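Generate the whole structure from the sequences, applying the supplied hints.
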Amino acid sequence: MIDISLFVLMLLGALLALAVYLPLRAGQLSLATPGFYTIGGTVAALLSTQLPGLGGSDAVYPLTSLLLEMIVAIAVAGLLAFLIGKPVLKLRGIYLAIATIALVEILRVVLLSSPWFGAAVGIFAIPQPFEGPEGYLIAYGLLLAIVAWACARLERQPLGMAMAAIRDDELAARCMGVSTDQVKLIAFVLSAIVAAAAGVLAAHYFNSWNARQANFDASITTLAFVVLGGSRTWLGPVIGGLVLTALPELLRPIGDLRLIVFGLVILLGPIFIPQGLIKSKQS
Amino acid sequence: MTATPLLELKQLGVRYGNIWAVRQLNLSIASGECVALLGSNGAGKSSTLRAISRLLPAAEGQILWANKCLSSFRTESTVRLGISHCPEGRRVLAKQTVLANLELGAWLRRNKKAIKIDLDYCYQLFPRLAERRLQLAGSLSGGEQQMLAIARALMAKPNLLLLDEPSLGLAPLLVDELMQCLAKLNKDGLTMLLVEQNVYAALAIAQRGYVLEAGELVLEGTAQELRKNSNLRRSYLGDE
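Taken in sequence, the protein lines are chains U and F.
Residues in the first sequence are numbered consecutively from 0, following numbering that gives the first Met the number 0.
Residues in the second sequence are numbered consecutively from 0, following numbering that gives the first Met the number 0.
The set of hints was computed from the structure by calculation and includes no laboratory data.
From a predicted model like this one, the values you see are computed outputs, not experimental measurements.
The C-beta atom is built at its ideal place from N, Cα and C for all residues, glycine as well.
Worth double-checking, as some hints may not be accurate.
Facing chain F, according to a computed beta carbon distance under 10 Å, are these residues of chain U, among others [as the list claims (entries may be wrong)]:
(1) A119
(2) G121
(3) P157
(4) M160
(5) A161
(6) A163
(7) R166
(8) V177
(9) T179
(10) D180
(11) Q181
(12) L234
(13) R251
(14) G254
(15) R257
(16) G262
This is the structure we're talking about:
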């Protein structure tokens with residue numbers, strides 16, 4: 000019997016994969032997603048534990064407060080992504096990836112060393128808006144549905160078309176009048192917003208939050224979601240996130256071998272299905 | 000010419016680091032003209048086009064569009080003004096359909112009806128693109144990709160089309176076909192700046208031409224004069 004909490008984690012994986020997918024659609028390999036995810040979680044953890052007014056009178060944490068946290072987290076992550084994105088997006092290809100890894104590391108060190116954010120111990124006893132994992136399943140399902148729907152729409156909008164054009168040929172896109180700097184920045188900010196929203200729910204779900212959520216492993220895992228799932232349409236990252244989150248758990252019966260199998264899947268995936276599981280619809 | 004030229008380059012200089020690609024270039028194009036910019040590899044032709052569409056900064060001199068200086072403009076603003084740059088090497092989006100490529104060309108435009116009219120015009124000009132509109136651009140032949148690149152540039156509804164070596168890598172028959180299409184576009188009123196190494200083909204459709212050598216202007220004149228010029232014939236047309 001598979002635990003319902005696995006499904007919650009799968010949905011979280013799919014959301015983070017979409018956050019990686021957004022800049023990648025515009026050809027930008029950003030590994031900053033766990034960083035913005037951590038910012039979202041930290042904002043939620045701080046607000047819900049430090050502001051007694053948000054808790055309300057009931058035993059259950061009010062949903063309106065959760066929504067408020069989400070708005071604050073989105074604003075913080077979005078603003079940070081905007082400020083950082085301007086200079087960082089001048090870097091290309093692998094250099095952007097390196098800079099965003101550094102960003103995640105800096106964030107982790109800052110959070111680890113500052114007592115305001117719980118330092119190395121983390122923030123505990125984050126209040127629960129739902130009584131069981133079912134509530135989180137619905138909340139994550141809803142969030143994923145909204146983000147996936149928005150991504151699907153985006154792909155057919157001029158903005159989404161411009162993003163794909165930049166990925167395929169940036170100079171051609173510029174010649175057609177696409178403001179490439181602006182489009183890249185928008186994709187980066189949207190990605191940060193999605194990751195931060197996922198982080199807010201995660202902080203409540205895990206009940207505690209610490210800086211170790213932002214690490215290099217997480218950057219690579221979320222990237223693997225998109226690499227295996229495919230990065231041409233929104234469905235690829237969703238499938239990749241669901242499958243690759245479930246895989247290590249489903250393989251648990253084979254013990255330590257599971258990580259080897261997991262590694263093989265990530266290794267062989269790009270070799271045998273270079274476009275990912277989900278290809279674009281055109282022939 | 001007494002009227003204000005559509006585009007005027009005054010003492011234009013372009014450089015990559017310490018190396019000058021173009022120096023002190025004076026050039027003007029009147030509305031409705033087709034002007035050829037000729038020269039061998041590395042003469043500075045592409046750099047000139049890139050400076051006009053602001054893909055490269057001008058190191059010195061001025062680029063004037065209807066007497067307005069373009070030096071503070073970004074590429075997207077020049078497209079908005081009506082300068083459409085069809086870059087060297089086709090650069091179609093290989094993994095997207097012909098139609099998606101053409102739609103991208105009209106990216107800055109919002110008037111769907113006008114876009115549809117221009118799309119039909121492109122299909123009429125290049126019927127093969129209409130046949131293949133749902134194919135991936137990467138599956139087209141070289142000539143078809145060049146047609147697509149030109150059609151995509153036309154979808155921006157330009158006043159001035161900058162063409163960078165459209166004949167590059169095409170079979171002679173295809174070059175003729177393409178040049179006839181360009182001549183037709185010019186006859187329909189489109190102003191063009193045509194960069195070419197294929198001097199014969201370019202001077203067959205252009206009214207005037209400029210010849211660059213190592214970044215400097217060495218010759219200019221009407222197409223007829225240039226065709227007769229003995230230096231040019233020796234350098235590019237293989238006369239003894």
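- Query: What are the numbers of the hints that this structure violates, sorted from low to high?
  - Reply: 1, 2, 12, 13, 14, 15, 16
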